[in-house]
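Residue numbers (this note's numbering), protein chains in the order written: chain A, 1 to 114; chain B, 1 to 111.
The set of hints was computed from the structure by calculation and includes no laboratory data.
There's no promise every hint is true.
[As the list claims (entries may be wrong)] Under the rule of at most 20 Å between Cα atoms (straight-line distance), these lysine to any residue pairs were calculated in the SDA-like manner: (1) K52/B - S65/A; (2) K3/B - G42/A; (3) K57/A - I100/B; (4) K54/B - Q17/A; (5) K3/B - K13/A; (6) K57/A - K69/B; (7) K3/B - Q44/A; (8) K52/B - A28/B; (9) K3/B - N59/A; (10) K54/B - S41/B; (11) K57/A - S41/B; (12) K54/B - P76/B; (13) K3/B - E17/B; (14) K54/B - S23/B; (15) K3/B - G102/B; (16) K69/B - R110/B; (17) K57/A - K54/B; (18) K69/B - N26/B; (19) K3/B - Q37/A; (20) K13/A - V113/A; (21) K52/B - E102/A; (22) K13/A - H29/A; (23) K54/B - P111/B; (24) K52/B - N59/A; (25) K69/B - S23/B; (26) K3/B - N56/A; (27) K69/B - N30/B; (28) K57/A - G102/B; (29) K3/B - Q49/B; (30) K3/B - P76/B; (31) K3/B - V113/A; (32) K3/B - Q41/A.
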Amino acid sequence: KAGVTQTPRYLIKTRGQQVTLSCSPISGHRSVSWYQQTPGQGLQFLFEYFSETQRNKGNFPGRFSGRQFSNSRSEMNVSTLELGDSALYLCASSTDRLNTGELFFGEGSRLTVL
Amino acid sequence: LAKTTQPISMDSYEGQEVNITCSHNNIATNDYITWYQQFPSQGPRFIIQGYKTKVTNEVASLFIPADRKSSTLSLPRVSLSDTAVYYCLVGDKRSSYKLIFGSGTRLLVRP
Numbered sequence: 001k002a003g004v005t006q007t008p009r010y011l012i013k014t015r016g017q018q019v020t021l022s023c024s025p026i027s028g029h030r031s032v033s034w035y036q037q038t039p040g041q042g043l044q045f046l047f048e049y050f051s052e053t054q055r056n057k058g059n060f061p062g063r064f065s066g067r068q069f070s071n072s073r074s075e076m077n078v079s080t081l082e083l084g085d086s087a088l089y090l091c092a093s094s095t096d097r098l099n100t101g102e103l104f105f106g107e108g109s110r111l112t113v114l
Numbered sequence: 001l002a003k004t005t006q007p008i009s010m011d012s013y014e015g016q017e018v019n020i021t022c023s024h025n026n027i028a029t030n031d032y033i034t035w036y037q038q039f040p041s042q043g044p045r046f047i048i049q050g051y052k053t054k055v056t057n058e059v060a061s062l063f064i065p066a067d068r069k070s071s072t073l074s075l076p077r078v079s080l081s082d083t084a085v086y087y088c089l090v091g092d093k094r095s096s097y098k099l100i101f102g103s104g105t106r107l108l109v110r111p
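Turn these sequences into a full structure, and let the hints guide you.
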């Protein structure tokens with residue numbers, strides 16, 4: 001069974017640009033969550049999608065957005081990039097609304113903003 | 001969501017048993033306790049989850065006292081490959097919830 005796949009794995013952008021990251025969950029998983037990990041702030045929840053609907057959102061500015069498609073694949077977008085957006089962005093999937101507590105994480109997309 | 005407190009770091013040697021304790025004084029009735037492991041530049045990996053007493057799987061045991069205000073992750077006979085950051089989280093697994101990761105415990109296993 002394939003795991004959670006995130007693309008791209010690494011990318012470099014400059015301030016002011018925007019970026020789109022993609023996540024393919026484990027087959028059959030309908031919940032997709034996104035997290036940002038930085039050395040200073042640790043792992044922080046961005047948002048969660050289930051059946052194409054955002055049902056949870058963390059405390060991030062509106063520059064961070066996401067969406068989920070009918071096949072459960074998800075994308076997150078960061079607009080007007082800032083230096084502080086440099087981080088490892090992790091996607092996680094889980095089975096269904098009755099969350100078992102077990103999230104399956106991808107290897108992440110490492111974004112560097114110059 | 002209940003906040004958790006863990007030691008920032010721990011050192012051990014290969015073959016030893018390691019116990020990492022997590023404090024969660026404000027745990028709610030419906031909250032479960034979950035532990036994740038994370039290696040550098042990888043996503044966290046689920047280790048174990050429990051509600052009360054003791055849970056054991058092939059990699060770890062989780063001990064939860066009756067008041068559930070703390071929990072202890074026990075790793076038997078650690079190896080160098082167990083060097084990682086370990087996160088303790090609490091939350092209600094019966095409904096969607098966002099995971100709040102604390103600072104975690106950085107475990108270093110020495111030869």
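The hints, checked one at a time:
Under the criterion of a C-alpha separation no larger than 20 Å, the hint pairing K52/B with S65/A is inconsistent with the structure, at around 37 Å. Taking the CA atoms of K3/B and G42/A, the gap is near 14 Å; set against the 20 Å cutoff, the hint holds. Under the criterion of a C-alpha separation no larger than 20 Å, the hint pairing K57/A with I100/B is consistent with the structure, at around 12 Å. At most 20 Å may separate the alpha-carbon atoms for a hinted pair to count; K54/B and Q17/A exceed this at roughly 50 Å.
The suggested pairing of K3/B with K13/A is violated, with an alpha-carbon distance near 35 Å, which exceeds 20 Å. For the proposed pair K57/A and K69/B, the alpha carbon gap of about 27 Å is over 20 Å, so the pair is violated. Under the criterion of a C-alpha separation no larger than 20 Å, the hint pairing K3/B with Q44/A is consistent with the structure, at around 14 Å. Taken as a hint, the K52/B and A28/B pair is honoured in the structure, with Cα atoms around 12 Å apart against an allowance of 20 Å.
A hinted pair counts as satisfied when its Cα atoms are at most 20 Å apart, and K3/B with N59/A qualifies at roughly 16 Å. Of the supplied pair hints, the one linking K54/B and S41/B is violated, its CA atoms being roughly 31 Å apart against a limit of 20 Å. For the suggested pair K57/A and S41/B, the alpha carbons sit about 24 Å apart, so the restraint of at most 20 Å is broken. Among the hinted pairs, K54/B with P76/B is consistent with the structure: their alpha-carbon atoms are about 15 Å apart, no more than 20 Å.
The suggested pairing of K3/B with E17/B is violated, with an alpha-carbon distance near 26 Å, which exceeds 20 Å. At roughly 16 Å between alpha-carbon atoms, K54/B and S23/B fall within 20 Å of each other, so this suggested pair holds. With a C-alpha separation of about 8 Å, the suggested pair K3/B and G102/B falls inside the 20 Å cut-off, and the hint holds. Among the hinted pairs, K69/B with R110/B is inconsistent with the structure: their alpha-carbon atoms are about 31 Å apart, more than 20 Å.
With a C-alpha separation of about 33 Å, the suggested pairing of K57/A with K54/B is violated against the 20 Å cut-off. For the given pair, K69/B sits about 7 Å from N26/B by alpha-carbon distance, which is consistent with the 20 Å threshold. Proposed proximity of K3/B and Q37/A is supported: the alpha carbons are some 18 Å apart, at most 20 Å. In summary, the hint linking K13/A to V113/A is supported, as the alpha carbons are separated by about 5 Å, within the 20 Å threshold.
Distance restraint check for K52/B and E102/A: the Cα-Cα separation of roughly 17 Å lies within the 20 Å cut-off, and the hinted pair is therefore satisfied. For the given pair, K13/A sits about 31 Å from H29/A by alpha-carbon distance, which is inconsistent with the 20 Å threshold. Note on K54/B and P111/B: the hinted pairing is violated, with a Cα-Cα distance of about 29 Å set against a maximum of 20 Å. Using a Cα cut-off of 20 Å, the hinted pair K52/B and N59/A is violated, with the two alpha carbons roughly 31 Å apart.
Annotation: proposed proximity of K69/B to S23/B holds, straight-line Cα distance about 6 Å (limit 20 Å). Under the criterion of a C-alpha separation no larger than 20 Å, the hint pairing K3/B with N56/A is consistent with the structure, at around 18 Å. For the proposed pair K69/B and N30/B, the alpha carbon gap of about 13 Å is at most 20 Å, so the pair holds. Simply put, K57/A and G102/B have alpha-carbon atoms about 18 Å apart, close enough for the 20 Å limit, and the pair holds.
At most 20 Å may separate the alpha-carbon atoms for a hinted pair to count; K3/B and Q49/B meet this at roughly 17 Å. For the suggested pair K3/B and P76/B, the alpha carbons sit about 26 Å apart, so the restraint of at most 20 Å is broken. Pair hint K3/B plus V113/A does not hold up; C-alpha atoms about 31 Å apart against a cutoff of 20 Å. Proposed proximity of K3/B and Q41/A is supported: the alpha carbons are some 15 Å apart, at most 20 Å.
In summary, the numbered hints that this structure violates are 1, 4, 5, 6, 10, 11, 13, 16, 17, 22, 23, 24, 30 and 31.
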